[in-house]
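Using the hints provided, position chain C relative to the given structure of chain W.
Just so you know, the sequences run in chain order W and C. Per the numbering used here, the first sequence runs over residues 1 to 232. Per the numbering used here, the second sequence runs over residues 1001 to 1292.
Because the hints were derived from the structure by calculation, they are not lab data. Model, not experiment: these values are computed from the prediction. A portion of the hints provided could be inaccurate.
BS3-like cross-link-like pairs, simulated, lysine-lysine; straight-line CA separation at most 27 Å [unchecked claim]:
# : chain 1 : residue 1 : chain 2 : residue 2
1 : C       : Lys1126   : C       : Lys1181
2 : C       : Lys1167   : W       : Lys210
3 : W       : Lys210    : C       : Lys1076
4 : W       : Lys210    : C       : Lys1181
5 : C       : Lys1169   : C       : Lys1271
6 : W       : Lys85     : C       : Lys1169
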Amino acid sequence: MSLILQNILRRCPSSLINNVSLRLWSSNGQFPSHPMGTEEYENQPRKSLTELPDELTERGNKPEFISGYESTKDGWQWVDNILFKSEIPQPPKHATPSGWVPPDPILARQWPYFVDRDRFHSYALYVRILPVMLEYWLHEQHRYYLNIFRRRVEYDIYAQRTRRFSLLELISGDIWALDNDLKTYLTKRVELTADKSKELPILSQVDEIKRHILVDGEYEEWIADFLKEKGF
Amino acid sequence: MIKSLSLVKILRQCSIRSIRHFETSTQPPPFSSDPTSNPISQQLPLIVNRQLEYPHVRYPPLQAWLETLGQKRDEKLGIVDLHPSIWQTSPRLDILYENIEWQKTYKKIDWAYTPPHHEYPSMRGKPWPQKGTGRARHSSRYDPQWKGGYKVNGPKGPTSFFYVLPKEKRIEGLCTALTVKLHQNDVHFVDSFDLPTHQPTYLQELTEDRFWGPSILFIDDTDIMPHNMMFASAKTEGFTVMPVYGLNVYSILKHTTLVLTIRALNKIEKKLLHALNSYDTQKDQPAPPDEP
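Just chain W, same shape as in the assembly:
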């Protein structure tokens, strides 16, 4: 503010300055021309959200909704339907059109192993993707397992894609028996397709501590069919 104005302010009484009408304008910004922000305005009793403040309407004319409205407390169910619930609903006891099948406990008890479902009542089947790697010593090329592994890896290189594995978790009981049954089922399934290019050996890795089976290849759908047959 300029020196002249400062001198005037010093000589004026403070009551005159604090009067709402005598707001001085600074050089940069604008003082509000509206009482919003002053203590007397803000300390008024609060109005509801539906009632707009009088100053924002045209001299007291409140806006009217065309269709009119009334506030009720009915219809909570429509709000409750949308809210997030931590409780997972129970699935139906029959097969659904999407292909979901409920577990069959009587059939599942026959086998020496058991594959549990996750909390959302679906199979614990996942895809694992790894980059292609072909590392082995030249002098070990006569080893059987390395050769069949090499065929799998070379197929992926030929197909120009990353390695794909199918992971099956939540297994309890005899894992090796499940591994055997799974492999026989998948080889039979591969033969049924009668596709020479897909006739690769089914390789799997069994982890007894983590209780999972990792199958080399994208066989999720066939593994799901296998689990459905067993009633898991």
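This is chain C only, laid out in the frame that chain W set:
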């Protein structure tokens, strides 16, 4: 002991509707128990009717003895049903290890601090001239190669190793620890921690007779314990009393035996089963309960 076992078998073969609730048992049982003199006033045997939520598809509930600390004689009060999702999991030893490592390291703060060169005395002066003396040439007395000199990339300040293990791993760790303890016969279920005397020798002799191990972890549902129990365990080395919210994998494995009350078991199962069978995001987790 053997007579009560046969009674238990007969009762279980009978219709399940004849089972009474543990807390409201006022009527005499259909089969009268032996008229042996025992300080317990209720009729034996009791079968605690526990309704298990989220029944498992494949495995039926496990069974364990219900014992008592009210008398020295090892008389079983009845049988308790346990949920297989918690007490019969395939033990995940890798997750057990991760839990123990987490419990050890999340509290760790490394206080090692080596001041850098700007926190040392001034480096202006050469200790001796460049040439003339027969000694090696040096620019300052506090260079890194000197003894007592500053370190360039040394530890700087307190470093914390705090991290929170994912919720699913902590839950699986607890379930694995409980499974392992149960199947190694190191878990005992007790009606309550009401002892007849405050003498620590009573509890010590009781546990010695029952071969309950040198270190015992007593778990109750609240953190307010009966006076006798508190006194006896405070005076005994190896006895730890803990509420349910203090249950952790390290303590379960550290102590030889676990002794749970029925109320603690109910609370643990309720919390763990809710966590195993529901989906809580971070924002929508249930509010902490009023009671501890």
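Here is how each hint holds up against the structure:
Taking the CA atoms of Lys1126/C and Lys1181/C, the gap is about 68 Å. The hint is violated against a cut of 27 Å. For the proposed pair Lys1167/C and Lys210/W, the alpha carbon gap of about 17 Å is at most 27 Å, so the pair holds. A threshold of 27 Å between alpha carbons decides the hint, and for Lys210/W with Lys1076/C the separation of about 37 Å lies outside it, so the pair is violated. A C-alpha spacing of about 19 Å is found between Lys210/W and Lys1181/C, which places the hinted pair at or below 27 Å, so the restraint holds.
Simply put, Lys1169/C and Lys1271/C have alpha-carbon atoms about 15 Å apart, close enough for the 27 Å limit, and the pair holds. For the given pair, Lys85/W sits about 22 Å from Lys1169/C by alpha-carbon distance, which is consistent with the 27 Å threshold.
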